[in-house]
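*Asks:* Listed below are the residues making up each chain.
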Amino acid sequence: MGSNVDKIFKALAAPERRLLLDRLHAGNGQTLGQLCEHMNMTRQAVTKHLKVLEDTTLVATVWRGREKLHYLNPMPIHEIAERWIGKYERGRLRVLAELKEKLEGETDGSI
Amino acid sequence: MAQSEFVYVTYIRTTPEKLWRALTEPEFTRQFWMGTTQDCAWTPGASWKLSFSDGRLADSGEVVEVEPPRKLVLKWQNHLFPDLTAEGYSRMTYELEPVGETVKLTVTHVMDKSESKFIKAVSGGWPIILSSLKSLLETGESIESTRRSPKGM
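Chains as they are written, first to last, in my numbering: chain A, 1 to 111; chain B, 1 to 153.
Keep in mind the hints are simulated off the structure, nothing from the lab. A hint or two may mislead.
Mimicking BS3-like on lysine-lysine, the simulated pairs with C-alpha atoms at most 27 Å apart in a straight line are [said to hold, decoys possible]:
#1 A:Lys68 / B:Lys117
#2 B:Lys113 / A:Lys68
#3 A:Lys51 / B:Lys117
#4 B:Lys104 / B:Lys71
On a predicted model such as this, the values are computed, not experimentally measured, just so you know.
Next up, chain A with everything else stripped away, as it sits in the complex (with noise of 0.2 Å):
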């Protein structure tokens, strides 16, 4: 368990994977042909990438007939959070969160 929790935030750490995390999070179920879409990236990097994150399950996959469809798989985060978030902090910091979401405007675009 504790060399996936490295795994996850070494995978995490590189600013590409989570813009392809942010990119399922925007649209769930998508190819490597869609992800590369207005990716400033060659298709063999993203390929990269998408190995990093399945191999953390910080992205899974499922074969559609010949189409290999990834998803962000929202476990891990979850788990990472649960480790060190209290069940009676989460509320008051889904608030603030919001609160700093609707003061700052809609800034990353993945909401």
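Use these hints to put chain B onto chain A, whose structure you have.
*Replies:* Just chain B now, with coordinates in the frame of chain A:
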């Protein structure tokens, strides 16, 4: 494609048989699934009901496919919130696959409708329920807040 879909994957240190029992038997589900129990014969075409401990019906549907301890597909409709009920039936699939000393559990929940409110609602619930299920099977204890129905529901 006009559908909403979410996929959840978690690896649990257990056996497919134990995980199957945990997903289907009331003595397990009430510990990690907000105190709910399921009423179902677990045969193709059988009706399926998910109820809170006070008897209120949360969701209902029908078994589409059942293959213990590997796969279960349910038709699934919410009954707690009118706007979610109005979206009709979703399709939920459990897939259990042994990987080394663990079982890979994949939960796929699909609604044939874009921007589904139902899928948005379950997307908040599944991670909590599945994390608690994992804790229960690996440590013998579920996450405390998942042992009863949430406030206001």
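*Asks:* Which numbered hints does this structure break?
*Replies:* 3
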